[in-house]
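Asks: Chain order of the listed sequences is A and B.
For the first sequence, the working numbering assigns the number 1 to the initial residue and increments by one for each residue that follows.
For the second sequence, the working numbering assigns the number 1 to the initial residue and increments by one for each residue that follows.
Hints were generated in silico from the structure; no laboratory data involved.
Mixed in with the good hints there might be a few duds.
[What the hints assert, rightly or not] Part of the chain A face toward chain B, derived, beta carbon under 7 angstroms:
hint	residue
1	146
2	150
3	244
4	247
5	262
The model shown is predicted, which means the values in this text are computed figures rather than measured ones.
Even for Gly, the Cβ is constructed at its ideal location relative to N, Cα and C.
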Amino acid sequence: MIDILSKRYLYLIVSALVIVPGLIILLSGGLPLSIDFTGGSLLEIRFDGGKTLQTEALKNIYEAAGIDDAQIQTTENETTLIRSSFLSNETRDSVLNAMRSESGSEEVKVIRFDSVGPSIGSQVASRAAQAVGIAALAVAFFIRFVFRKVPNAFRYGVCAIIAMIHDVAVVFSVVGIGARFFGWQIDALFLTALLTVIGFSVQDKVVVFDRIRENSNVYRRLDYETLVNHSIVQTLQRSINTQLMTVEFLLLALALFGGVTLQEFAVILLVGLFSGTYSSIFIAAPILVVWEKREWQSWFGRQKANRA
Amino acid sequence: MFRNLTDRIIIILLVLALALWIDLSPQLEIPNPFTETTLFARDVKPRLGLDLQGGLQVLLEADMPAGTQINRSELETARDIVENRTNALGVSENLIQVAGDRRIVGEFPGAEDTDAILDIIQQTGLLEFVDTGDVSPAEGSVIQTDFIAGSTEPASTTGGEQTIYHTVMTGKELKSVGVSTDQITGRYSIDFTLSSEGGSIFGAHTAANVGKYLTITLDNRVISSPIIEGAITGGQGSISGSFTSEEANALAVQLKYGSLPIPLKLVETRIIGPTLGEESLQKSLRAGLIGMIVVVLFMAIYYRLPGVVANLSILFYAAITFAIFKYFHFTLTLPSIAGFLLSTGAALDANILIFERLKEELRNKRPLNQAMDQGWDRAWPSIWESNTTTIITSLILYWFGSTFGATIVKGFSLTLAIGVAISLFTAIYVTRTLLALALRTFKPTNLERWFGI
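Next up, chain A with everything else stripped away, as it sits in the complex (with noise of 0.2 angstroms):
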């Protein structure tokens, strides 16, 4: 049987490595937030017909209608993206005939335009903290009671929420990646991301502390390590087969011929889906037999436990 668990220490280095650097990155260039936390406005155009606006001739005419702040990104479909702070509709039709009459354009299409209130925005945010800790409780709450006839049930739960929390870190390092170098940003459909993310890696987690709960019923001379590493192989093949064959494969096709709206939204759920299946096995399984063993007490003073 491979052995697994004892390369353990192995993991959490990996882990980190992947998820410190993006951590950095996403929080030195500060919380990339979409309007939707924020509040502002996001207006995409394409001139049709006409000659198209440069971003200063934009500006100026953003700054004409008391809007200073008007960030110009122009996309690969040759629309224009203008980012600025809330526009009401009457600046926003003002803007739009300024930019007609400027660009000689027949039409200048509005391709999409969002508007949030900024109070709204912070609400969003705050309440989508909440919804994320509740879900994370009941989470923990619900393992706990469907391991109640196992020793230290809690545990599983907590470990599953440690391991939920890898999860969660690593999707906000490639939010961090993808908002350095893609221009990503944290938007309602994120949040969406994240939490199916959560729900499917504790979904990850229960099948496999099953299989561990039902070991532990049937090979009860077995040391705890071993079976913990028995149980992780026996659901190895599901664990692919489900995570990467199929679920993966879905993603994969969204990200790359989804269109630009789902690809961001994929490529998160495809990483964190990976992460949820990845930290059953390597991340939460491990934390259990390191809890069982307290192997902590080893951790500052190897000769005392090499002694003993």
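Following the hints, position chain B against chain A.
Replies: Showing chain B alone in chain A's frame:
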């Protein structure tokens, strides 16, 4: 294994037939064979969200200081008014819902004239019937009245240079409004009924002021200034003039839906152009199809007979889910397509858990029948526990989405939860039955070839 396999197959076929009927028809109808009437009818056209066909989404918030308790029924009334106003514009399939305790979310898929919708929503519309004596102010001009919102006492009538007119009553007293055509002259007039209190005020005023003008204003702007032709008692009256059909209708709409019980302000607007929507739809459908084909191939190659059966049950699952979407008028959005794909993954996971167990039992040299039962029984706790966690998170997401009018989050979590629930049924009931049927039909002996162990 089952002795009553036929019963199970009949149930599955019935469910499938029902699902396919809903999936494939735009309108459900059961005619009564004895009379000409229909017994049952339901429109099951698929509804596409804004992100798939373009359109407008707005979030309105009660324009009151934070922390003010907002009356639920007033918010519902405001919702009704917004819905009526926008319906009057002839926008179809719009959806206006109360979100949380102080917001209203409105969606107008496919809307082209977004400005007109935004304008009509934002009208707070204080409607007044003003006594202007012998003066008939021009339409569109602004006049001052002595009505102050919230107070019953008329304001001081001795103003500055501008005449201040007396408000007889406000739009609150109107009960119903309609447009009718005079049989002889073919002219349009607007008929209205008043509340009993309004009826007596109106009766007294009109009886005393025949031949004078009664000007109707909306937010102090004159919309019509008819002359009082006679006393209007009994609470019913009509406004006639040289209206065109459109003008008469517009006036009726303004009279009817003029005032909102709660002032609303626009806190969020989202407009998605039709091209972006259509492109997204095409691309995501193609992506979903490609992904599904790969997955179906994998299942068949890796798990052999059970894999093929699982694929059938996934098709079954897709048919039921889509039918539920159509029947309950869920709006299909990009995230809900993603939610559907993910729940397909969950459905496959249940199958995979069972098949892995089945293979384990077969490797331990159990007879096929026993292995089947063991596979299902042992995999079941994992399946229900793990899927319950997913349902818990989707419910929390749904709650989050509905408080904030974040309809994309709502759509996603709803599809995910429904998908996961249906997948439990298909994995446990459908896959198992079909597999039993396949085993009975083919009677496989070479387990390596049929099960890939």
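Asks: Look at each hint and say if it fits the structure.
Replies: Quick rundown of the hints versus the structure:
Against a cut-off of 7 angstroms between C-beta atoms, the interface hint on residue 146(A) holds, since the closest Cβ of chain B lies about 5 angstroms away. Here the hint on residue 150(A) is broken, as its CB sits about 12 angstroms from the closest CB of chain B, past 7 angstroms. At its closest, the beta carbon of residue 244(A) sits 10 angstroms from a beta carbon of chain B; the interface hint therefore is violated under the 7 angstroms criterion. Evaluation of the residue 247(A) hint against chain B yields a held restraint, the C-beta minimum of about 4 angstroms falling below 7 angstroms.
At a threshold of 7 angstroms, the smallest CB-CB gap from residue 262(A) to chain B is about 6 angstroms, leaving the interface hint in force.
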